[in-house]
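A.B. asks: Working from the sequences, and respecting the hints, build out all of it.
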Amino acid sequence: MSSPSVQVQPQPSGGAKGVSHTTKEAGAMNFDIVRCSRCQRSMSLENDSSPGVVRFGMNSYYCSRCASMVGFIR
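Under UniProt numbering, residue 74 is the last one in the sequence shown; the count climbs by one each step, no gaps.
Please note: incorrect hints may appear among the correct ones.
Simulated DEER-style distance windows between Cβ atoms [as the list claims (entries may be wrong)]:
id, residue 1, residue 2, range
1, 30, 68, 25 to 31 Å
2, 70, 29, 28 to 34 Å
3, 71, 30, 29 to 35 Å
4, 29, 69, 28 to 34 Å
5, 69, 30, 29 to 35 Å
6, 45, 70, 29 to 35 Å
Calculated from the structure, these hints are not laboratory results.
Just so it is clear, CB atoms sit at the ideal spot from N, CA and C, and this is done for glycine as well.
C.D. replies: Set out below in structure tokens:
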């Protein structure tokens, strides 16, 4: 008996530390999961104006709590 062959397709690399791209299914909304640079809390980033997420550099984010603690006001 021969077993069926299984093909595994490589995942595209995100290239950025702490950023992973997640897609639910074809036609579904795409979003990124990012981590706060200070407390490491995971947050969903759907677009550039997501509530609770403060971007302070390229691939660098604070949650709203940490952004207020460090004095970063958008």
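A.B. asks: The structure should be examined with respect to each hint, and the outcome stated for every one.
C.D. replies: We went through each hint and held it up to the structure:
In this structure the hint that residue 30 and residue 68 lie 25 to 31 Å apart at CB holds, the actual value being about 29 Å. Hint check: residue 70 to residue 29, Cβ distance near 31 Å, so the stated range 28 to 34 Å holds. Distance hint check for residue 71 and residue 30: the Cβ-Cβ separation is about 32 Å, which falls inside the suggested range of 29 to 35 Å. At roughly 31 Å, the beta carbons of residue 29 and residue 69 sit within the given window of 28 to 34 Å.
Distance hint check for residue 69 and residue 30: the Cβ-Cβ separation is about 30 Å, which falls inside the suggested range of 29 to 35 Å. Hint check: residue 45 to residue 70, Cβ distance near 19 Å, so the stated range 29 to 35 Å is violated.
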